[in-house]
Every structure is written in C-alpha cells, then in structure tokens.
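Enquirer: Single-letter residue listing:
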Amino acid sequence: MISYGQHQFPGKLFVVEGTDGSGKSTQLALLYQWLKAEGYPVFFSEWNSSPLVKDTTKRAKKRHLFTPATFSLLHATDFADRTERDIVPPLKAGAIVLADRYIYTAFARDVARGCDRAWVRDVYSFAVKPTVAFFFRAPLDVAVDRIVSGRPNLKYYEAGMDLGWSDEPEESFTIFQGKILEEYDRMVSEFGLTVIDATRSIERQQREMRLLISQHLEKRRRKNH
Amino acid sequence: MRCGCSSANTLRRGEEKIINQKHFYGTPLPGVEQEEYTGKLIVIEGTDGVGRSTHTALLRTWLESRGHAVLDTGMTRSVLAGRGIKEAKQGHTLGRLTMQLFYATDFIDRLENEMLPALRAGFVVLTDRYIYSAMARAELRGIDTAWIRSIYSMALVPDAVFYLRISSPQQLVERVLSSGRGFDYWESGMDLHLGEDFYDSFIEYQKRMLKVFDRMSSEYGFHVLNASRTVRSVASDLRRAVTKLIDEPVTSTEDNVSQLQVVRDKPTAAKSTVKALDLNKEAS
Chain A
941 MISYGQHQFP GKLFVVEGTD GSGKSTQLAL LYQWLKAEGY PVFFSEWNSS PLVKDTTKRA
1001 KKRHLFTPAT FSLLHATDFA DRTERDIVPP LKAGAIVLAD RYIYTAFARD VARGCDRAWV
1061 RDVYSFAVKP TVAFFFRAPL DVAVDRIVSG RPNLKYYEAG MDLGWSDEPE ESFTIFQGKI
1121 LEEYDRMVSE FGLTVIDATR SIERQQREMR LLISQHLEKR RRKNH
Chain B
3 MRCGCSSANT LRRGEEKIIN QKHFYGTPLP GVEQEEYTGK LIVIEGTDGV GRSTHTALLR
63 TWLESRGHAV LDTGMTRSVL AGRGIKEAKQ GHTLGRLTMQ LFYATDFIDR LENEMLPALR
123 AGFVVLTDRY IYSAMARAEL RGIDTAWIRS IYSMALVPDA VFYLRISSPQ QLVERVLSSG
183 RGFDYWESGM DLHLGEDFYD SFIEYQKRML KVFDRMSSEY GFHVLNASRT VRSVASDLRR
243 AVTKLIDEPV TSTEDNVSQL QVVRDKPTAA KSTVKALDLN KEAS
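Read top to bottom, the protein sequences are chains A and B. First residue of the first sequence: 941, per my numbering; consecutive thereafter. First residue of the second sequence: 3, per my numbering; consecutive thereafter.
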C-alpha cells in the first residue's frame, strides 16, 4: 500500500477545504470551468459521493446510528472508494482532479468529535498527497452566519448535535465549527495548506487560485511539448 | 492458576487504557468511558468451512443451559454497515482499501453497540471471527499490515481466541461442498486472480490464509483446536476451555499486567491470558 506523499502520478490533484459556508465549492466550480475551457482533461470528485457507501451514510444520518468512531470509519470508507475509483485512475491517466473536500475535512471533523488525532491520520495514510490544497479561511462568525442564514434548519450531525454540547442546534453548530476551525488552523503548517482569505471578493480569490495552479500546469505543458 | 487479568484497579499508562480485566489494543474509542466489563469476550476464529458457526451455535446453547446470558455476533451483522457491505460485495467494483474500511466500520459498530454493552451487563459474548480474520484478509490483499493494525487498535483484547484449525485446504473444500453452499467469490479470493477457476483459487487463497493464521496464532496467543476431528470432540474441548475461563475465580497480580504490551499500531495479545487456557493444546 502506497502511503501519503509517496504517490507519483503524471496528473495533478487540487483540493479545496474549509468550514461550511467558506465559499470553497463556488471557487472550485469556477476553476473547473476555466480548466475545461483551457482544454485540460478535468475530473471532479466530491466528499461523500461513493456509490457503494452513499446509502449507508444516508441511512445512518437519518437514523442517528453514528458514534464518533463509526462516523470516522464510514467516511474513510467513502473516501477510499473515491480514491480507488475517482482519484488514482485519472491521476495515472495524467488528468487534473479537483476534489471538493479531502482528508483534512475528516481530520478536522473527527478530531473535533473526539477521535485520536494520530489514529485518524493513520486511517487516511493511503491518500494521495494533493498538488495544492487550498484552505478557505473565514472567521467563525462569517462562516456560521452564511450557513445559518441560508438554511431553514441545521442537520443533526452537521451541527454536532451527537456530541451533546448544546440542545440548541445553532449554538451546537457554532461550538462545533469553532473546534473544526481550530483543527484546520493547526493543519496549515502540518500539511502545508495554502490559505485563501475567504472574506475577499469571489473574483479576487479565483484570480489567486488560478495564478497558483497555472504554475503547476505550465511545468507540465512544457514537458509534454 | 495463572491468569493474565489485571488487578481490579484501573490503570493508565501513557496512551494505553486498561480497564479492570479488559484491555484495549491501543487507541481508545472516542467517547467511551472507562468502565468495568464483567462479561467475557470469546472469539471463534478460523478459515472458511472449518465449522465456526456450528461451534458458536453449540457453545451458545450449552452456555445458556448453564445459566449464562450470551450474545453472539459476527462479521457484517452490524445495523450500520451490514447491509451496505453485502450489497457492495454483490457487484464487482469494491476496491481493496474500501473493503477493509467498510469491514472496520461494521466491526466498530458492533463493538460499541453490541459487544461492549453486553460485556458491561455481564454477558458472555461469542463472536464468529474477530479482527484477526479481517487483518488476515487485508494482508492477503497486499494491504500494509501496520495500517490495518492501527485501524483495529480500537478493539478490545478478547478473553480467549479459539482457532479452529484445519491443516489442508483440500479438507476445507470437502466441507464447503458438502455444506451445499458451494464456493463463495470472496472466500475463494477470486478478486486476487489466483487461479483459473473457483477451485484453484480457493485452494491457493486458503493455503495463504492458513499461513497468515498460523503466524497470528503465536503472535496473538490463539488457543488452537484441531478442527479435523468430529464436531463432538471439538465441541467438548471448547466447553472444557470455556468452563475454565468462566468458572474459575480471577487471581490477579501486577506482574501479569506488565506482560501486556500495548503498542498503538501493533496490537499484541494478552499472552498471559491465553496461557491459562492452554490446557487442552496437547490433547488436541
């Protein structure tokens, strides 16, 4: 089994990370359009999207079957399927893979849920190291505001209601997101995440991303010609 | 008698967690409090077709007739992931890593929601296969052993592991065929492309499986039972060993505790626990 940091593929992997409401999915969608227009083979992969695991996750969320350990393991199962199906083969083929949420989402959430930090990192050690991992950083109140105002009610696990911090979903969500943000912040240096200030304009964030990404693409183009 | 149980005091050394007579292999389960588990965790291990389910059922009936409350469990029986795994195995898109993690999810769900509550309530928990089968399957599929051990380091060290052993894969074939079930795709290791057909693949896969099990047997201190014998004699050996385990009073010394080496990513068995159960090894 090849572990994190050891994979060598001709393709490039760009991932976006950040708390809910940080605007990362919007940015990734814009990136996708741009890369397609530029003529690159682009493959998109999303968190919680494994066809083998999706139904189990959905049912478990609905029936509140998760503990912190099984929440972590089932999401790792989903991620393993994504890796084996959607990430490794396109990278081998030399494509660009764009991932909406990656292992850092699991590290942030699972540790906030009380899982052992080293254990969770071990579980995901099979993951491919991204070419660039963008972390969209928004202050806690901004992120919470974006989510709470955009949604009629927060979901049980999303709000961290399983952890018993508060009976009030909004309060529980705020506590949970605070812990998640703390975990993200400590991962910036641990994994060399590229921080994008998510409070800036959408256009400016996108420009910044394209600039960084094109550095990696030009190298590749030159090699091919 | 010798027993590998710790003293009644709850000890804590570094990362490891020792709870009365029960120990975890390493990483603590998040959100699970240190508690006293008064029940017994008994594992029946062995390759496909050795009679694990027959013996689990016999043991259950016998234990219940003697007044013990029993919970039995086994792979893919979890409320959370059982159905999902079965569905995933129907297709041909289940990857090696995905499969291991799906099984781990199933295991932890049963550990947290079935086994630990039952042990807390003083039940005898009989489990048809445990982490060893899961780790052996992973190893045969080229999965990094340190990785799979780390994942299963949340497991509880059983009070005893009975390994029903049959030395030749040919003997297993006879049993598999006579049971009327026929060859199973995964139990024959068909995903590994080891042979031309089910038979060839099964023989090669089970041969490799036996090797891994034999190695684990000494590493984790399995109590080996020769399963080539009649059901009756295997069952009677099992009963004798289980009687010892359940009925004898627990003696505890600090020395025994120090024999348990708990390493986060390399589970080691409570060998001393198993020593106490070695009584019938020669007889079998």
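What the hints contain is simulated information worked out from the structure, not anything from laboratory work. Keep in mind that this is a model prediction, so the values were computed, not measured. The C-beta atom is built at its ideal place from N, Cα and C for all residues, glycine as well. Please note that a few of the clues may not be correct.
[Unchecked claim] Restraint-style ranges between C-beta atoms, simulated for each label pair:
no.: 1; chain 1: B; residue 1: Thr245; chain 2: A; residue 2: Lys1032; range: 31 to 39 Å
no.: 2; chain 1: A; residue 1: Lys1095; chain 2: B; residue 2: His195; range: 36 to 44 Å
no.: 3; chain 1: B; residue 1: Gly124; chain 2: A; residue 2: Lys1069; range: 42 to 50 Å
no.: 4; chain 1: B; residue 1: Gly69; chain 2: A; residue 2: Ser1129; range: 58 to 66 Å
no.: 5; chain 1: A; residue 1: Lys1032; chain 2: B; residue 2: Tyr201; range: 49 to 57 Å
no.: 6; chain 1: B; residue 1: Arg79; chain 2: A; residue 2: Glu986; range: 43 to 51 Å
Enquirer: Now look at each hint and say whether the structure bears it out.
Expert: These are the hints, each one checked on the structure:
1. B/Thr245 - A/Lys1032: 31 to 39 Å: violated, 57 Å
2. A/Lys1095 - B/His195: 36 to 44 Å: holds, 43 Å
3. B/Gly124 - A/Lys1069: 42 to 50 Å: At 48 Å between Cβs, range holds.
4. B/Gly69 - A/Ser1129: 58 to 66 Å: The hint (58 to 66 Å, Cβ to Cβ) holds, given that B/Gly69 and A/Ser1129 are roughly 59 Å apart.
5. A/Lys1032 - B/Tyr201: 49 to 57 Å: Once the Cβ atoms are compared, 34 Å apart, the range 49 to 57 Å for B/Tyr201 and A/Lys1032 is violated.
6. B/Arg79 - A/Glu986: 43 to 51 Å: Between B/Arg79 and A/Glu986, where Cβ atoms are some 31 Å apart, the hint is violated.
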